[in-house]
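*Asks:* Okay, here's what each chain looks like letter by letter:
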Amino acid sequence: MTSASSSSQDDVLSKVRASLDRRYKRERRFRLYGAASAILGLAFVAILFASIFSNGYTAFWQTHVQLDIYFDPDIIDPDGQRDPQALSGANYTKLVRNAMAELFPGVSGRRDRRALNGLVSSGAAYELRRMVLEDPAVVGSKRTLWLAADDEVDMLMKGYIDRNVPQSSRRIKDNQIGWIDELVGQDRVRQQFNRGFFTSGDSREPELAGIGGATKGSMYMLIVTFLLSFPLGIAAAVYLEEFAPRNRWVDLIEVNINNLAAVPSIVFGLLGLAVFINFFGLPRSAPVVGGLVLTLMTLPTIIIASRAAITAVPPSVREAALGVGASHMQMVFHHVVPLAMPGMLTGAIIGMARALGESAPLLMIGMIAFIVEVPGTPFDPATALPVQVYLWADSPERAFVERTSAAIMVLLAFLLVMNAAAIWLRKKFERRW
Amino acid sequence: MAVEAVRQDITEELGRTDNKVDLPSMSELASYVADQDTESGSEADSPTVGDYTAADPVMTVRDCNVFYGDTHALIDVNLDIGRNEVVALIGPSGCGKSTFIRCLNRMNDTIDIARVTGDLRLYGDDINARKTDVVLLRARVGMVFQKPNPFPKSVYENVAYGPRLHGLASNRAELDEIVQTSLERAGLWDEVKDRLEEPGTGLSGGQQQRLCIARTIAVSPEVILMDEPCSALDPIATARIEDLIDELSQNYAIAIVTHSMQQAARVSQRTAYFHLGRVIEVDTTDKVFTNPGHKLTEDYVTGRFG
Numbered sequence: 001m002t003s004a005s006s007s008s009q010d011d012v013l014s015k016v017r018a019s020l021d022r023r024y025k026r027e028r029r030f031r032l033y034g035a036a037s038a039i040l041g042l043a044f045v046a047i048l049f050a051s052i053f054s055n056g057y058t059a060f061w062q063t064h065v066q067l068d069i070y071f072d073p074d075i076i077d078p079d080g081q082r083d084p085q086a087l088s089g090a091n092y093t094k095l096v097r098n099a100m101a102e103l104f105p106g107v108s109g110r111r112d113r114r115a116l117n118g119l120v121s122s123g124a125a126y127e128l129r130r131m132v133l134e135d136p137a138v139v140g141s142k143r144t145l146w147l148a149a150d151d152e153v154d155m156l157m158k159g160y161i162d163r164n165v166p167q168s169s170r171r172i173k174d175n176q177i178g179w180i181d182e183l184v185g186q187d188r189v190r191q192q193f194n195r196g197f198f199t200s201g202d203s204r205e206p207e208l209a210g211i212g213g214a215t216k217g218s219m220y221m222l223i224v225t226f227l228l229s230f231p232l233g234i235a236a237a238v239y240l241e242e243f244a245p246r247n248r249w250v251d252l253i254e255v256n257i258n259n260l261a262a263v264p265s266i267v268f269g270l271l272g273l274a275v276f277i278n279f280f281g282l283p284r285s286a287p288v289v290g291g292l293v294l295t296l297m298t299l300p301t302i303i304i305a306s307r308a309a310i311t312a313v314p315p316s317v318r319e320a321a322l323g324v325g326a327s328h329m330q331m332v333f334h335h336v337v338p339l340a341m342p343g344m345l346t347g348a349i350i351g352m353a354r355a356l357g358e359s360a361p362l363l364m365i366g367m368i369a370f371i372v373e374v375p376g377t378p379f380d381p382a383t384a385l386p387v388q389v390y391l392w393a394d395s396p397e398r399a400f401v402e403r404t405s406a407a408i409m410v411l412l413a414f415l416l417v418m419n420a421a422a423i424w425l426r427k428k429f430e431r432r433w
Numbered sequence: 434m435a436v437e438a439v440r441q442d443i444t445e446e447l448g449r450t451d452n453k454v455d456l457p458s459m460s461e462l463a464s465y466v467a468d469q470d471t472e473s474g475s476e477a478d479s480p481t482v483g484d485y486t487a488a489d490p491v492m493t494v495r496d497c498n499v500f501y502g503d504t505h506a507l508i509d510v511n512l513d514i515g516r517n518e519v520v521a522l523i524g525p526s527g528c529g530k531s532t533f534i535r536c537l538n539r540m541n542d543t544i545d546i547a548r549v550t551g552d553l554r555l556y557g558d559d560i561n562a563r564k565t566d567v568v569l570l571r572a573r574v575g576m577v578f579q580k581p582n583p584f585p586k587s588v589y590e591n592v593a594y595g596p597r598l599h600g601l602a603s604n605r606a607e608l609d610e611i612v613q614t615s616l617e618r619a620g621l622w623d624e625v626k627d628r629l630e631e632p633g634t635g636l637s638g639g640q641q642q643r644l645c646i647a648r649t650i651a652v653s654p655e656v657i658l659m660d661e662p663c664s665a666l667d668p669i670a671t672a673r674i675e676d677l678i679d680e681l682s683q684n685y686a687i688a689i690v691t692h693s694m695q696q697a698a699r700v701s702q703r704t705a706y707f708h709l710g711r712v713i714e715v716d717t718t719d720k721v722f723t724n725p726g727h728k729l730t731e732d733y734v735t736g737r738f739g
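Protein chains in written order, with our numbering: chain S, 1 to 433; chain R, 434 to 739.
Some hints here could point you the wrong way.
[To be verified] Derived BS3-like pairs (lysine-lysine); straight-line CA-CA distance at most 27 Å:
id	chain 1	residue 1	chain 2	residue 2
1	S	K25	S	K15
2	S	K428	R	K586
3	S	K427	R	K580
4	R	K564	S	K427
5	S	K142	S	K94
Rather than coming from a laboratory, the hints here were simulated on the basis of the structure.
Model the full assembly from the supplied sequences, consistent with the hints where possible.
*Replies:* Quick look at the structure:
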């Protein structure tokens, strides 16, 4: 009896031992798969970031050329009246040309002179005009100024143009390279922080193009989206979760909200075009319309996240509130909503981050237009960051390549900041019960 | 007494004592029912053994039935809760004790599929009437739950919440006064007076439950319902709560659900035994525990099942 039971026990033990090895192996294998997939994911993110960064970081610096500009009163203000109208309309390009001619007296001939003047950005003239309008006293004086170089010069200085390629297959010619080298020899060329990239609007000249307009457009759009979708989304979630009667109509609404979250965003763009622009007559290309369209897109996300947050509030808190005589409404607004707020905010921020990166619906409502002016109000024509990326990626100039990557970097930085804010809010307001 | 119910009772009893006995036939059952009815001497419409009325009732419940969807959770329950008395509700899990006390402040309203019928009165006011204001009712009938559930707010805010809702204090000084007396009566003041601004969820389990009691009595209810208030607490915290219940019974009518028969014996004056949705027996606690009138009660209090 004893031996029989002990032998059967041995039998069981040996079987368990035999299976143990297999079980542990399976566990190790599974862990390996998990680690491998996580590493693969991280690697792709790293490659993406590295490629964007290596392409784009140079855009934050811009080549400038030092010129001795003589603010010739004969050119700027021949009447001597200092009339703002006249000052504003003067031929400032001529000042730049004169300065260049002074530096390279040997250059003659229309063609060569044009090539020489092409080294400096056409934006330099606007810079000079700005200085004069700001302070008319500079007229008549001679100043040494750093002015933006043309984008081709910039590319050459950043090493993107191969000097060994035959002259005919590059846009910057041998004589121009010679002049640049001469300027470099005189210490008249340097890289400066590219402030204009963050402040100016779009431009056909890469050295003048910036994301200022697109950033502001995106900002206006997000403000409109947040102001509309957050209160609406929370109100809808609270109503559906706490007050709505359980019947077929409410079920239908719930199903449709879930469906709406899966609708392709371009469809919302078409809806916005049809309803907001064609029917309500709101301005085309305006951030306010973009905000409305993105609200439609973000609402389901916020509603779904908010409902999940409300459901997660433990019933014990509800019972406690009802138990001391809070009305249903008081229970909801004193206890349930505050406790669900971190989850709601997280949902809203994630929804907003998605809206910030969205471009398809904006194409439909005309926010893809080439807009130079930085918008002053949400009703002015504007474009958005992702759309700006798309526009630049389409441009042929070499200098737009780095700007595209730089714009992506800025966009990614915004997204990271928003996601970090979501995590921070969740951690800060998370309550334990 | 319905034959099916007895059959079910017997099944249960037999299942606990001896598995091998076959179920009695229906004719045997019928005679058993007849015996039971004559033994207990109860009328057909009132199967409850003992006296379910109280001399000076605060709450009276007559023919209370509760349905959760198709499930008949409470069947023809009659019970009074008297002034300054503690009524203990005992019985095996799922017998309807919690369902019963949740009827008394209409907490069952929060369950969509629950339906309550019967005549439930608080000082003659119909509790179950459609026009009864549940907010007022819950201010008059406070409740302490099984798991301590302080709000995730400060100790002070936890107690002040109810009075503030109902506008019981006209200024901060009055509110401070209410908070202090409530905490004192809950026996918690000395432990928390220096940490009123700390979160109530940071207290120990026993302190949290006393905080919940303080929150309940801050509204000055007429009845306090307690749903297994000590089931999540250790013996020391339990003893403190029991002392507290004893003190509170000077001023309030209390109904307490408990799984601990010792606790029922210690704190209550009357005890009601629930079984499968029915009140089997109601009597003085002494009588129920020493000389129960019904076989099921006897089996339960002697620990033969449940």
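*Asks:* For the pair we were handed, K428/S and K586/R, check the Cα-Cα distance against 27 Å.
*Replies:* 15 Å, holds
*Asks:* K564/R and K427/S: Cα distance at most 27 Å?
*Replies:* 44 Å, violated
*Asks:* Tell me if the straight-line CA distance from K142/S to K94/S falls inside 27 Å.
*Replies:* This hinted pair holds, its Cα atoms lying about 14 Å apart.
*Asks:* Do the alpha carbons of K427/S and K580/R lie within 27 Å of each other, as the hint requires?
*Replies:* 26 Å, holds
*Asks:* Does K15/S sit within 27 Å of K25/S, going by the straight-line distance between their CA atoms?
*Replies:* 16 Å, holds
The structure fails to meet hint 4 from the earlier list, while all remaining hints are met.
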